[in-house]
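Peer 1: Chain by chain, the residues run as shown.
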Amino acid sequence: MSDTCFQLKGSVVTTFILELYTFSLSDFTLQLEDKINQAPMFFKQSPVVISLDKITENITEINLDELLTACRRFDLQPMAFKCSHKRFLDAIKATGLTLLSENALRNLTNTPVAAEASHNIKNTDVKENTQLHKSKLISRPVRSGQQIYAEGGDLIILSQVSEGAEVLADGNIHIYGTLRGRALAGVKGNTNARVFCTKMEAELISVAGHFMLSDSLREKVWKQPAQVYLDEQILHVETV
Amino acid sequence: MSIFDYFHNKKTNTASLAKERLQVIVAHERGKRSQPNYLPKMQQEIIEVIKKYIPIDNDQVTVTLDNSDNCSILELNVTLPDNT
Amino acid sequence: MAEIIVVTSGKGGVGKTTTSAAIGSGLALRGHKTVIIDFDVGLRNLDLIMGCERRVVYDFVNVLNDEANLNQALIKDKRNNLLFILPASQTRDKDALTQEGVQKILNELAESFDYIICDSPAGIEKGAQMALYFADQAIVVTNPEVSSVRDSDRILGILQSKSLRAETGAEPVKEHLLLTRYNPSRVADGEMLSVADVEDILAIPLLGVIPESESVLKASNLGEPVIFDETADAGQAYSDAVSRLLCEEVEFRFLEAEKKGLFKRLMGAR
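Chains as they are written, first to last, in my numbering: chain X, 1 to 240; chain Y, 1 to 84; chain F, 1 to 270.
Hints should not be assumed to be uniformly reliable.
[What the hints assert, rightly or not] Each computed SDA-like pair below joins lysine to any residue, with the alpha-carbon atoms no more than 25 Å apart:
no., chain 1, residue 1, chain 2, residue 2
1, F, 174, X, 158
2, X, 35, X, 48
3, F, 76, Y, 54
4, F, 78, Y, 26
5, Y, 52, F, 69
6, F, 218, F, 254
7, X, 220, F, 197
8, F, 218, Y, 15
9, F, 104, Y, 40
10, X, 86, X, 19
11, F, 76, Y, 50
12, F, 33, F, 236
13, F, 33, F, 54
14, F, 78, Y, 21
15, X, 136, X, 240
16, F, 76, Y, 57
17, X, 199, F, 150
18, Y, 51, F, 78
19, X, 188, X, 38
20, F, 78, Y, 22
21, Y, 52, F, 54
22, X, 86, X, 62
23, X, 136, X, 147
24, F, 78, Y, 54
25, X, 9, F, 99
26, F, 76, Y, 40
The hints are simulated quantities; they were obtained by calculation from the structure and are not laboratory data.
Construct the complete structure from the given sequences, taking the supplied hints into account.
Peer 2: In structure tokens form, the structure reads like this:
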């Protein structure tokens, strides 16, 4: 019996979607060049899915080969098309690239683009999709060396957080147990985020980048239920 | 030390026992570091052959290779049980 | 099907090998066929603690590399014919360990043994990870001392995320705390972490408390696991731990400092 050559695994890929409204080669090339130049390293070799869903009604034909060549000229890597309009399906098939199904695209776009890039590409044809108000629930102790990050929402921990462990959230952090490690809330800049715990023994607490170490925490609230919040750029620690 | 230690039998000196064991095993391991790889297997096979005729334990046979300046000596030691 | 129990700690020198030897022997004494595997490739010491260092012909790595079969490598203990040892290699290093190879050996052992004890090396690198990967249960050996407690916490995190059970979403590895080198008088003086302190920080069920004891050093000098010394406090504590491992309820002993009167001091007690 010969050795196994490969394995198929499920995977999630982070990618841009380029939503096309209309296409004229000269305009497209100019606008694309402009966008790329705003953050050239970021777009270098980026995989991109081209969506034709938002094409204006009266356009019946697009030269997809020209489109793809233009993209590749700026080092974007078109890897698939997304299109629900029947009139373009033959042209897409001729390019040899995949036509993604509704479900496939949902998986791809739900991965948010990195925060750094979001500053650069706010008003472009590229769309990001971040999920808000979602909570992450952890019911086992968070051990030393572990790191938990609740992206786009709150973090709720139903046990202790050991010394040497790190818990982070874009939103609030609620710990129904002893906090001995580090808790960082509002990591993407949410100054309204708070940290709550039933027993404060933390190494470090941070809200939107403003932090306090255990020495200062000891002076305020120690070994008791506590909440930490930011007011006028100053961290407040109070019993709950 | 208390007054009773004078009358108490000296307990078995486990440290000297430990030292004995260590001397044997460290010498054995230092020697092994310069031995070729086939010796353990060869030793086992020789044991199997002898076992066919005489009942012996694995540790009653030792095989060592001595590499001095111009010749190598393969030494085989077999300790036979008392009534053969 | 055998139960695979890893004895691990993160921190070095806390008593993993002493514990593996004692608990493995204890299980065999209760009539369960048990094998203890030394996972410390390159720095073997289980054979010394078990007293079979002169009977090592083939080792774990020889079996992994198909240079020998299991029966040739396994050493039967002279005190109990249900107890076996699979020694580590003294000359190879950890690169010899592969997941497929280790799994194959464990599967073969599981066919005829009731318990497989994996004596882990210190640290969190390959040897330690390999030792805990296939475990059904874990005994986390901890000294009542800050770095040991933190390292134990770290290894608990790894058990929860990097074990086969964790990766396949099976029932998680059953965790047990074994507190070793416990000195009740120092705890009473407030100089040593108490059982409650450690339990509070690690939050896993307590399997046993082994008192600091001279009998442990004597046991390794002799090459006889301390559980065979029925008069030793440490030996008895290990025996209690084995009972608890077998789901019997046993009260915790050796937690209180002995009150030594003048007479006892004359008798030479320390």
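Peer 1: If a hint holds in the structure, say so; if it doesn't, say that too.
Peer 2: Structure-based check of all given hints:
With a C-alpha separation of about 19 Å, the suggested pair residue 174(F) and residue 158(X) falls inside the 25 Å cut-off, and the hint holds. Our distance criterion of 25 Å between C-alpha atoms is met by residue 35(X) and residue 48(X), whose separation comes to about 14 Å. Between residue 76(F) and residue 54(Y) the CA atoms are separated by roughly 21 Å; this keeps the pair inside 25 Å, and the hint holds. Taking the CA atoms of residue 78(F) and residue 26(Y), the gap is about 22 Å. The hint holds against a cut of 25 Å.
For the suggested pair residue 52(Y) and residue 69(F), the alpha carbons sit about 20 Å apart, so the restraint of at most 25 Å is met. The straight-line distance between the Cα atoms of residue 218(F) and residue 254(F) is roughly 19 Å, inside the 25 Å bound, and the hint therefore holds. Straight-line distance between C-alpha atoms of residue 220(X) and residue 197(F) comes to about 23 Å, which keeps the hinted pair within the 25 Å bound. Proximity of residue 218(F) to residue 15(Y) is assessed by CA-CA distance (about 8 Å); at most 25 Å being required, the pair is judged to hold.
A hinted pair counts as satisfied when its Cα atoms are at most 25 Å apart, and residue 104(F) with residue 40(Y) qualifies at roughly 23 Å. In summary, the hint linking residue 86(X) to residue 19(X) is supported, as the alpha carbons are separated by about 17 Å, within the 25 Å threshold. About 21 Å separates the Cα atoms of residue 76(F) and residue 50(Y), which keeps this hinted pair within 25 Å; it holds. As the CA atoms of residue 33(F) and residue 236(F) are separated by approximately 21 Å, the hinted pair is consistent with the 25 Å bound.
Restraint check for residue 33(F) and residue 54(F): satisfied, since their Cα atoms lie roughly 23 Å apart, inside the 25 Å limit. Straight-line distance between C-alpha atoms of residue 78(F) and residue 21(Y) comes to about 17 Å, which keeps the hinted pair within the 25 Å bound. Only pairs whose Cα atoms come within 25 Å are accepted, and residue 136(X) paired with residue 240(X) is accepted, the gap being roughly 22 Å. Between residue 76(F) and residue 57(Y) the CA atoms are separated by roughly 12 Å; this keeps the pair inside 25 Å, and the hint holds.
With a C-alpha separation of about 19 Å, the suggested pairing of residue 199(X) with residue 150(F) holds against the 25 Å cut-off. About 20 Å separates the Cα atoms of residue 51(Y) and residue 78(F), which keeps this hinted pair within 25 Å; it holds. The hinted pair formed by residue 188(X) and residue 38(X) meets the criterion: a straight-line CA distance of about 22 Å does not exceed 25 Å. Annotation: proposed proximity of residue 78(F) to residue 22(Y) holds, straight-line Cα distance about 20 Å (limit 25 Å).
Taking the CA atoms of residue 52(Y) and residue 54(F), the gap is near 23 Å; set against the 25 Å cutoff, the hint holds. Taking the CA atoms of residue 86(X) and residue 62(X), the gap is about 13 Å. The hint holds against a cut of 25 Å. Proximity of residue 136(X) to residue 147(X) is assessed by CA-CA distance (about 13 Å); at most 25 Å being required, the pair is judged to hold. Between the alpha carbons of residue 78(F) and residue 54(Y) the distance comes to roughly 21 Å, so the proposed pair stays at or under 25 Å and holds.
This hinted pair checks out: residue 9(X) and residue 99(F) have alpha carbons roughly 19 Å apart, not beyond 25 Å. For the hint pairing residue 76(F) with residue 40(Y), the CA-to-CA distance comes to about 18 Å; that is within 25 Å, so the pair holds.
The structure agrees with every numbered hint stated previously.
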